[in-house]
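Q: Residues per chain are reported as follows:
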Amino acid sequence: MLKMPTLDVQSSPVDARTETKVVAQDVNVFYGAKQALQSVSVNIPDRAVMAFIGPSGCGKSTFLRCINRMNDTIPIAKVTGKIIIDNQDIYDPSLDVVQLRARVGMVFQKPNPFPKSIFENVAYGPRIHGLCHSKADLDDVVQSSLEKAGLWKEVKDRLDEPGTGLSGGQQQRLCIARAIAVNPEVILMDEPCSALDPIATARIEELIDELRKNYCIIIVTHSMQQAARVSQRTAFFHLGELVEEGVTSEIFTSPKQKRTQDYITGRFG
Amino acid sequence: MAVETVPGPFSGPMAGPSGPGAAASAAIKRSIKKRYAAERRFRAYGVAAILFGLVFLAVLFGSIVSTGYTAFVQSSLELNVFLDRSVIDPDGKREPTALMTADYTLLAKKALASAVGADPANKMQMREVGALLSRDVDVEIRKAVLADPSVIGKTVPIWVLASGRVDNLMKGTLDRNLPAQTRKISDQQLAWIDKLSASGALAKRFNTGLFTNGASSNPETAGIGVAMVGSLFMMITVLLLAVPLGVAAAVYLQEFAPKNFWTDLIEVNINNLAAVPSIVFGLLGLAIFINFAGLPRSASIVGGLVLTLMTLPTIIIATRAAIGAVPPSIREAALGVGASKMQTIAHHVVPLAMPGILTGTIIGLAKALGETAPLLMIGMVAFVVEYPTSPLAPSTALPVQIYMWATSAERGFVERTAGATIILLAVLICMNLVAVILRRKYERRW
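Each protein sequence line maps, in turn, to chains G and X.
The first sequence: position 114 = 114 (this note's numbering), numbered continuously.
Just add 269 to wherever you are in the second sequence, counting from 1, and you've got this note's numbering.
Hint data in this document are derived by calculation from the structure and do not stem from the laboratory.
A quick note: this is a predicted structure, and the numbers were derived from the prediction, not measured.
Glycine included, every Cβ here is placed at the ideal spot set by N, Cα and C.
Watch out, some of these pointers could steer you wrong.
To be clear about the criterion: a stretch of chain X counts as covered by chain G if any three or more of its residues have a C-beta under 8 Å from a C-beta of chain G, and this derived list gives those stretches [as the list claims (entries may be wrong)]:
hint	region
1	597-603
2	608-621
Estimated spans, in silico, between C-beta atoms of each pair [claimed, not checked]:
hint	chain 1	residue 1	chain 2	residue 2	range
3	X	Lys303	G	Ser223	46 to 56 Å
4	G	Pro198	X	Ile505	51 to 61 Å
5	X	Ile505	G	Asp197	52 to 62 Å
6	X	Ala517	G	Asp197	42 to 52 Å
7	G	Ser223	X	Pro597	19 to 29 Å
8	X	Ile706	G	Gly165	17 to 27 Å
9	X	Thr532	G	Gln35	27 to 37 Å
10	G	Gly165	X	Thr532	36 to 46 Å
11	G	Asp26	X	Asn529	29 to 39 Å
12	X	Lys636	G	Gln35	48 to 58 Å
Cross-link-like lysine to aspartate or glutamate pairs, in silico, EDC-like; alpha carbons within 16 Å at most [said to hold, decoys possible]:
hint	chain 1	residue 1	chain 2	residue 2
13	G	Lys213	G	Glu185
14	X	Lys610	X	Glu524
15	G	Lys116	G	Asp160
16	X	Lys379	X	Glu397
17	G	Lys34	G	Glu241
18	G	Lys82	G	Asp26
19	G	Lys256	G	Glu244
20	G	Lys116	G	Glu161
21	X	Lys610	G	Asp96
22	G	Lys110	X	Glu601
23	X	Lys610	G	Asp72
24	G	Lys116	X	Glu712
Could you build the full structure based on these sequences and the hints that come with them?
A: Here is the structure:
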């Protein structure tokens, strides 16, 4: 699982510049008066899978949604601190959020294909961003996205059928295809397998492992086994704090913090 | 471990391999009995309430249909009219004014007199013959002559309307066994009617005039044509104004407006407007559109504007509910691939809310179509014979026409009141049916 050499980016800032994709510095999130996230700082490597684990309500999803500014849609949410993707602060007022979300794709907990055809689901992103100039271009993008998402063989003969008619696992892969169709650099996944059966989960996990060769993937998961299976680095969140972050194998075998140990051994959460 | 089962409607082979329920205490047994009795009682109340409603509905429809079905047929006479050149066009110039104003009633009377064998020289008899014909009998003959002036000088068979009394007698609403004085039809006339009826020259035919004619003081030629055109103009006005305005307002309020005191106030007032009595909208229309803006009275555009104001709250509320019902996951999906807020709304939220918006719109339109009170205030209670050529021309509306006929005592108007009500109800049921079908067809489950 950990064939890819990953550097401990926190302890080696020189290498971090080449390997790190997303840098969070002192990120706080408030929902009204309630603080949901306290001073989170973390470096997230490129071309690898980073898993966020932790009990419910610990802030891992909140943090994930900061990375493509999805929290903007909640009127009472307020984010302070810096999140830097490729040397650019994404909370800089001059940055266009639409452009950001084209670079940072997202896959949600529940498969949420548009109630349109399979083709339209994948073609929607490239179309609104003006990425394709001809029908042939668009066809190519749709095909390659579906291929990358491992769905092409199953749906190539029924691209006109509604995306909502697919099985849960296929729907989630369609959502992944939709996300990668706009050619993002970072893919955020918010518990992408929680609504799927074990077989569909296994397929998504294989796919994640395949996709990490080209993308920076950040996945929130409730399942520690899943984090151990798919990720190279893991961050453990608890009560709005980032408790511990490191190479996945180390987090699961020799955690430095007691809270991490308690959680992964099942003492709470 | 043995599971105790409670004897009741759910015990039996499905209850599992537990004991036969002997262990269940008497207290539980009693309380269960009570619970099921309460449930049965509740169901009985529900069924009774529904039956009560159905009975009223049946009585309502029964009385309307039984009074109104006769309005769809009208007694007509087939006359072999001799289109006498000396009466129609004595100059032989075929002048349109001459053809328009010729005494066609006289021709009809002569034709009927020869059909029943009355003496054209006998004035008394001729008056009785004339009373069998509708006062608007000239219309049909003039139409035939104007359509083809070459028929002048020939004898042609033409179906003309019989008078209202003949119609009543034919439909059985006038008792032929009454004494001649109170019957208002003489024995002589009765004999002629029987003769014509037996020969097939007097028959009940489908009443196209009901759908095409305008207002008339003779029930046999009164129709809802003008009222339907007026109602159509009003519905078009409402559709063109209320739908875009209502949907735009709802989308703004639901998706863009900040949540503050002012938007709360607006929301409360929209809900209040939906509950304002419709006559108040009529007063508003009278004050603003007619007295202030100077639009003509009785014009369907004013009616349309008033009904637009009345329908707006309905459409806004329905649209907001439909937009609110679009699951957040779809918005997130669109935002997640980088759609802007406007794109998310235009490409996903509004299309998905469309069935709900359409349903609300159709129900709003149906409500507006049946509305009478505000139209009374803006002068749509009018005797309009000519078809309105534009929304600015005087016209009337379907429910207002019903209201006007309902105030007339003649038997012909009574059946027309019910007949027009049947038509109005049929249109409303069709509209609601379309709403239901749309909802069923496009309803989605996420």
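Q: Each of the hints needs a verdict: does it hold here or not?
A: Outcome of the hint check:
no., hint, verdict
1, 597-603, "holds (count 6)"
2, 608-621, "holds (count 6)"
3, X/Lys303 to G/Ser223: 46 to 56 Å, "holds (48 Å)"
4, G/Pro198 to X/Ile505: 51 to 61 Å, "holds (58 Å)"
5, X/Ile505 to G/Asp197: 52 to 62 Å, "holds (54 Å)"
6, X/Ala517 to G/Asp197: 42 to 52 Å, "holds (44 Å)"
7, G/Ser223 to X/Pro597: 19 to 29 Å, "holds (24 Å)"
8, X/Ile706 to G/Gly165: 17 to 27 Å, "holds (22 Å)"
9, X/Thr532 to G/Gln35: 27 to 37 Å, "holds (28 Å)"
10, G/Gly165 to X/Thr532: 36 to 46 Å, "holds (39 Å)"
11, G/Asp26 to X/Asn529: 29 to 39 Å, "holds (32 Å)"
12, X/Lys636 to G/Gln35: 48 to 58 Å, "holds (50 Å)"
13, G/Lys213 to G/Glu185, "holds (11 Å)"
14, X/Lys610 to X/Glu524, "holds (9 Å)"
15, G/Lys116 to G/Asp160, "holds (9 Å)"
16, X/Lys379 to X/Glu397, "holds (12 Å)"
17, G/Lys34 to G/Glu241, "holds (14 Å)"
18, G/Lys82 to G/Asp26, "holds (7 Å)"
19, G/Lys256 to G/Glu244, "holds (8 Å)"
20, G/Lys116 to G/Glu161, "holds (8 Å)"
21, X/Lys610 to G/Asp96, "holds (12 Å)"
22, G/Lys110 to X/Glu601, "holds (11 Å)"
23, X/Lys610 to G/Asp72, "holds (11 Å)"
24, G/Lys116 to X/Glu712, "holds (14 Å)"
Hint compliance for this structure: no hint is broken.
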